[in-house]
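Listed below, chain by chain, are the residues.
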Amino acid sequence: MKSTSEKTFVELLQKHQNIVHKICRLYTNDVDAHNDLFQEISIQLWKAYPKFRGESKFSTWMYRVGLNTSITLYRKSLRRVESQRIESVAYKLSYEDYDDTKDEQLKLIYAAVHKLNDIEKGIIFLYLENKNYREISETLGISEVNARVRMTRIKTKLKTQLTS
Amino acid sequence: MDELELLKKDWETSSKNYPELDKKTLYKLINKQSSSIVKWIFIISLLEFALWTLVSIVSNDAESLEKLKSYNVEYIIYPLTVFGYLVIGYFFYVFYKNYKNISTTEDTKMLMERILKTRKTVKHYVIFNLVFVCISIVIGVYIEITNNPEVQTLINGIEADGAKNVTIFYLIVVGISILAMALITAILLGFYYLIYGLLLKRLKANYKDLKELVTEQ
Numbered sequence: 557m558k559s560t561s562e563k564t565f566v567e568l569l570q571k572h573q574n575i576v577h578k579i580c581r582l583y584t585n586d587v588d589a590h591n592d593l594f595q596e597i598s599i600q601l602w603k604a605y606p607k608f609r610g611e612s613k614f615s616t617w618m619y620r621v622g623l624n625t626s627i628t629l630y631r632k633s634l635r636r637v638e639s640q641r642i643e644s645v646a647y648k649l650s651y652e653d654y655d656d657t658k659d660e661q662l663k664l665i666y667a668a669v670h671k672l673n674d675i676e677k678g679i680i681f682l683y684l685e686n687k688n689y690r691e692i693s694e695t696l697g698i699s700e701v702n703a704r705v706r707m708t709r710i711k712t713k714l715k716t717q718l719t720s
Numbered sequence: 041m042d043e044l045e046l047l048k049k050d051w052e053t054s055s056k057n058y059p060e061l062d063k064k065t066l067y068k069l070i071n072k073q074s075s076s077i078v079k080w081i082f083i084i085s086l087l088e089f090a091l092w093t094l095v096s097i098v099s100n101d102a103e104s105l106e107k108l109k110s111y112n113v114e115y116i117i118y119p120l121t122v123f124g125y126l127v128i129g130y131f132f133y134v135f136y137k138n139y140k141n142i143s144t145t146e147d148t149k150m151l152m153e154r155i156l157k158t159r160k161t162v163k164h165y166v167i168f169n170l171v172f173v174c175i176s177i178v179i180g181v182y183i184e185i186t187n188n189p190e191v192q193t194l195i196n197g198i199e200a201d202g203a204k205n206v207t208i209f210y211l212i213v214v215g216i217s218i219l220a221m222a223l224i225t226a227i228l229l230g231f232y233y234l235i236y237g238l239l240l241k242r243l244k245a246n247y248k249d250l251k252e253l254v255t256e257q
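Chains A and B, in that order, give the protein sequences. First residue of the first sequence? That's 557 in this note's numbering, and the numbers climb one at a time after it. First residue of the second sequence? That's 41 in this note's numbering, and the numbers climb one at a time after it.
I should point out that these hints are in silico values taken from the structure, not numbers from a laboratory. Model, not experiment: these values are computed from the prediction. Cβ atoms here follow ideal geometry from the backbone N, Cα and C, with glycine treated the same way. Where hints are given, some of them may not hold.
Unchecked claim - So the derived label-pair ranges between C-beta atoms look like this: (1) B:Thr53 to A:Thr564: 22 to 32 angstroms; (2) A:Pro606 to B:Glu114: 46 to 56 angstroms; (3) B:Val171 to A:Lys563: 17 to 27 angstroms; (4) B:Val178 to A:Gly610: 54 to 64 angstroms; (5) A:Thr564 to B:Ala222: 56 to 66 angstroms; (6) B:Glu45 to A:Phe614: 41 to 51 angstroms; (7) B:Ser96 to A:Arg690: 47 to 57 angstroms.
As the list claims (entries may be wrong) - Output of the computed footprint for chain B on chain A, the stretches with three or more beta carbons under 8 angstroms from beta carbons of chain B: (8) 590–599; (9) 621–628.
Could you build the full structure based on these sequences and the hints that come with them?
Below, the structure is given as structure tokens:
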């Protein structure tokens, strides 16, 4: 029997699953790894769900758990076997975007973003999600000034990579 | 920055193109086993705990207990055993508390600090075990030499051959003990390096990165 909280959680997860997909897109390079991370984030969200008190929006809470999982808990190399099991669940992703980006320029930008380290990916992800520096700093546990400094540095880093 | 604007625009459009997983698939997903680092640290520490308990049970079989009894050395053995169990029990409690305290709902830096604290506990646990094993070896060798009648006869025999031989005998005993300790230490350290060192390598790098950012200001 599925409990009420499990039912509510799955409904919320289904509604906001885009957030998890987007995190996976930044932190992984292929469909297998994407599936792996998607699974791990979903599990971590479910494990942390009893602590979700509705003080923040469910989506905001998802950003935090999702990024924390990607930055601190996730280890790609341990997951090879698991990902095959996921595929057998008929969990399919069409990821033409990964290697068939229409625009050559965009392809290069994504490649440059993938080269950033885990923390930088977290910052740029929140930036792309229109989060302000206060929200970025709260999620990562750094000051707003630090978040700003790092964002400027990421911009420079990306620019250097793209022009070289 | 043009590139970032371009990326942002694409980010928004492509966010509509992600697959929609149905509820059934999501149910299956959340009920799968997590393979997060913390869980592995906890499982490994539990296995270790089981291993050490097993080692102490095996080494305390009836025969060797009987032998120790005849030596009249309970005054060393019992306190040592009780002390060992108390410390292991304490570590077990801390491991569990660390594991429970780690929550993905905290900010990233705090989460990293907690995971690294878990690692520190593991490190202390390893050091304790190594020291304890070494002390046990020293005490064990001492007890055997002073109490075991066979060893006594052997020493008496050697003594009859000349005082110089006794020194050589003791040197050999010390040498073998040190070799045994070194071997055990090397095996355990290698094992811990493989498990915890590799498991936490990336986390450590990320933590360093985040910490550097904070100290720069």
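Do the hints match the structure? See the list:
1. B:Thr53 to A:Thr564: 22 to 32 angstroms: 31 angstroms, holds
2. A:Pro606 to B:Glu114: 46 to 56 angstroms: 49 angstroms, holds
3. B:Val171 to A:Lys563: 17 to 27 angstroms: With a Cβ separation near 52 angstroms, Val171 (chain B) and Lys563 (chain A) fall outside 17 to 27 angstroms, so the hint is violated.
4. B:Val178 to A:Gly610: 54 to 64 angstroms: At 59 angstroms between Cβs, range holds.
5. A:Thr564 to B:Ala222: 56 to 66 angstroms: Because 58 angstroms falls inside the window, the suggested range holds.
6. B:Glu45 to A:Phe614: 41 to 51 angstroms: Once the Cβ atoms are compared, 29 angstroms apart, the range 41 to 51 angstroms for Phe614 (chain A) and Glu45 (chain B) is violated.
7. B:Ser96 to A:Arg690: 47 to 57 angstroms: Given about 54 angstroms between the Cβ atoms, the range holds.
8. 590–599: holds (count 5)
9. 621–628: The restraint on the segment 621–628 of chain A holds, since 6 of its residues have a Cβ under 8 angstroms from chain B and three suffice.
The structure does not agree with the numbered hints 3 and 6 stated previously, though it agrees with the rest.
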